[in-house]
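Hey, can you work out the whole structure from these sequences and the hints?
Order-wise, the sequence lines are chains Y and S. Just so you know, we're using our numbering here: the first sequence kicks off at 1 and counts up by one. Just so you know, we're using our numbering here: the second sequence kicks off at 1 and counts up by one.
Errors might be hidden in some of the hints.
What the hints assert, rightly or not - To spell it out: a stretch of chain S is covered by chain Y in this simulated footprint if at least three of its residues, at any positions, have a beta carbon under 8 Å from a beta carbon of chain Y; those stretches are:
| hint | region |
| --- | --- |
| 1 | 221-234 |
| 2 | 523-532 |
What the hints assert, rightly or not - Cross-link-like lysine-lysine pairs, in silico, DSS-like; alpha carbons within 27 Å at most:
| hint | chain 1 | residue 1 | chain 2 | residue 2 |
| --- | --- | --- | --- | --- |
| 3 | Y | K201 | S | K386 |
| 4 | Y | K300 | Y | K279 |
| 5 | Y | K201 | S | K371 |
Hints in this document: simulated from the structure, not taken from any laboratory. Think of the CB as a built atom: it goes at the ideal place given N, C-alpha and C, for glycine as much as any other residue.
Listed below, chain by chain, are the residues.
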Amino acid sequence: MSTHSTPHAELNALNALNTSFPFTAIVGQEEMKLCLLLNVIDPRIGGVMVMGHRGTGKSTTVRALADVLPAIKRIEGDVYNRETVDDVDQKQRRQTTDDGRRQDGSSIVRRPSSQKLEKIPVPVVDLPLGATEDRVCGTIDIEAALTRGEKRFAPGLLAQANRGFLYIDEVNLLDDHLVDVLLDVAASGWNVVEREGISIKHPARFVLVGSGNPEEGELRPQLLDRFGLHARITTITNVQERVEIVKRRRAFDENPAAFMQMWEPQQQQLRKRIVHAQKILHEVVMPDDVLLRAAELCMKLGIDGHRGELTVTRAACAYAAFQSKAAHGPIDVKYDDVKVMATAALRHRLRRDPLEIVDSDERVARAL
Amino acid sequence: MNWSDIVGLDSAKQALLLLAVDPSLGGVAMAAAVGSGKSTLARAFAALLPDGTPFVELPLNITEDRLIGGLNLEAALATGQRVVEQGLLAKADGGVLNVDGLNLLDDAVVTQVMDAMSRGEVRIEREGLSAVHAAHFMLMGTYDSNDGNVRGGLLDRIGLIVPFVSNGDTQARAEVVRRNIAAPLNSLEQETDEMAMLRGMIGFAREQLSSITISDEQLEGIAQAALSLGVEGNRADVFAAKAALAHAALSGRDAVDDEDLQAAAKLVLMPRATRLPEPEQQPDQPPPQQEQQPKPEQQQQDEDTPEPPQPEAQPQIEELLLSAVEAALPGDVLNLPFTSRRGKSGSRGVQLNDKRGKFVRAVQGEMRGHKLALLPTLLAAAPWQKMRRETEDGRRKTAGDERPTPSLNRPPSSVSRLSSVLITKEDIRVKKFRDKAGTLFVFVVDASGSMALNRMRQAKGAVARLLQNAYVHRDRVALVSFRGQQAQVLLAPSQSVEQAKRELDVLPTGGGTPLASALMLGWDMAQQSRRKGIPNTTLIVMTDGRGNVGISGERGAGGKERLAAGGQQPTAKQQIEDELKQLSALIAADGVGAVVIDTQANYLSRGEAPRLAKWLDGRYVYLPNAKAGQIVAAIDGAG
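So this is what it looks like as structure tokens:
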């Protein structure tokens, strides 16, 4: 029962389980793609919220991201994707040695059995809307409890997402309560679980990516602010692009494997470009005058706090690294780089006036 | 019964055949009222599919557990293993998911179905379980547009839509009855020659599908037609191309021709239209490249990919598609599912509350102030029994020693013994009920006459204020305006600021005062919302109270004529007044709240608005120059 039933071959082609549409084969929607890639290059940018019309490829694009992500190193088999054991929280260690062992003789947390490192792709966790809190945060291993009466922590999706991406499609339809939990964890980088007398705290640093259609349900303003970048997408109106979308979709649906292979060179190229950008990111320099102008921009737009400046400068740095063809630095960020990222970094931080006739994009453009 | 014995429903039948050929079209949605033969059609469709194809009915009252799957507790307790039970979505994998009443499904259920359709799988991440089940299914659904619309996100994932099912003409109806009487019992189970032939055709078409060609010009025509019709998103193009290909395959062609394109236009593009195309362009002029002003992002893309000159053939194809759309469209484009605003809800997913509404699910929580869900609580406790018993025993042993148990070792809170079941605080499950919103505020705004612009501005301001708080209070806001012969929904019940912004940008004003139609529309909205779980509605009527156009659109004498006529009132005027009075009484009796905001300048007021407030059993507020804030305050007082 727990295994997959065999789908009909013709249906299987539709949305093949483990093959997603290649990122580089997605037509248009450049802003969304750029926002995602910059978060790969610098996760501190703080995630992306993609909002837009239905049927514009939001979820396809985010799900396609996994295939172009570079690898990370982690301790072999570690469920939290940690690279060093120093990453283990003090509270957890105490629990394991004192409380956990004394109760039933077994440890609560499976500790990494070796210190060897292994390479894994950057994890992308795709949160289903029906997920319950215990699976998101982790809970006691139900099987161990049933069969052996053993108390053991079964990490949840937040553990899986550590050092990777957490994606919520239709984020405006997710239960408020779960949204709060996710935002708390995303902000602190730690997940704390208290259940059945165990107390666990594990690292959960991830890039939060959300997508949704504003007409399906309004998004809490507080939620939007928490995302670093906000990409908006609309229906593609260019006929040639639309023709290309249909052709590629048909080709993919007919033979996903062949289609993936055809796009592999482009995928490979993008992967290399991302790795290169990551490598030179620390050599990107933000000159004082550019920084000043970015701050002026935020002031002109009346943005409260410093998150606006921080995000726009980080995004501009990542953008400069992504664009740079130089083998190594130093690379100076130009005000043009700031300009490219200003809309996505700032449009959701303007004070909201629901019936304001001037669109927030327009306001940013004017301030520029 | 044969496929051909189903009379009428021709478009629906055609759509189902195409779906059978290419299941990646996602599904067929059809507007069908009770008794239109949809269940017969569903059974006949099942018979057309290969043997053993799953055919799963989705009941409207399904729970989330049964829909996506969960722990099979019986097996878990018996074998001590985690056994995941498949939900209905997974059971429909490789087959058909049949929903009678797409628009009546619970929002949470719609969301799950949408999610499964977009992933092609169901992911269970709940109650300690993690599993993935394949769920590629064809959705076959019906809806009755009188009960509100299907959620846009869901409808958009369904490739083929039949928004007008007509089997209305008497001859066809008589034929239905005649054939039903003639049909032997259990006739569906009998394999007829016709059904066997159709199955063979579908099988052959499936094999041919990948080798059928569609030209670039044809694809351009589809894209251009979709743009002209204001179709949202880019999915429609893909579906239209696939529908044309499936139609060609079924017709035994190896390349898509005009007929195939027309079928695609009718089943894919027309139902998604949000506007009718502009009047025909001059044939000499080059076709417009862009229907709308491209957004900045698009401009950027355009620079990257300069557009080649359009080939000659393409405008003709677009025209072909558009005329097919117009031919298939019996009435106004406003009756289509993506344009009609009636009952379209800007939903915010499931809003759960603690005490009233429809029971949706049990969640972990504290007992205080909630209703205990006993069975879910016991189920939650069950897996831990063995572990707890051992801990408990261990504790007793320790307690038997000279030293008391350190508090760290205690199980959380106190473990209460209910017969032999050990239940802890964490097991407690309480009932959550579904309650979509506190109150629906319907602004009914008089857009006739000279004060119209001012009133509208005030109303817009008040709508904006309310929407800003709407999230907190779970309220919804709608706006109806009335002028000329009719009342019009400008903003359907919504919590969406985005949507409101878009819809309220242009507000027409001037003309007659069809007050009764407007109240009617507001009342209608209240009833629809109630069906959708919003119990309370308040109408905020902003008017001078002088209706002069009846429900039928008949115009009575205006104020000046009435003054001239002295005490003698024209009959039409009297009728309109009676109508208004009766209607108001009905609305009041139905429990719909009302606030009448009198916008008339004082020296002209003749007391119509206070009278209307009395009829409606509502509050009367005199605010000739109301600011948005004052209006909101007045409404607060009423609520």
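Consistency of the hints with the structure:
As drawn, the region 221-234 of chain S meets chain Y at 9 residues by the rule of a beta-carbon pair under 8 Å; at three or more, the given contact holds. Judged by the Cβ-Cβ criterion of 8 Å, the region 523-532 of chain S is not covered by chain Y as claimed, because only 0 of its residues qualify and three are needed. Between Y:K201 and S:K386 the CA atoms are separated by roughly 26 Å; this keeps the pair inside 27 Å, and the hint holds. Taking the CA atoms of Y:K300 and Y:K279, the gap is near 34 Å; set against the 27 Å cutoff, the hint is violated.
Between the alpha carbons of Y:K201 and S:K371 the distance comes to roughly 32 Å, so the proposed pair goes past 27 Å and is violated.
Checked against the numbered hints given earlier, this structure breaks hints 2, 4 and 5; the rest are met.
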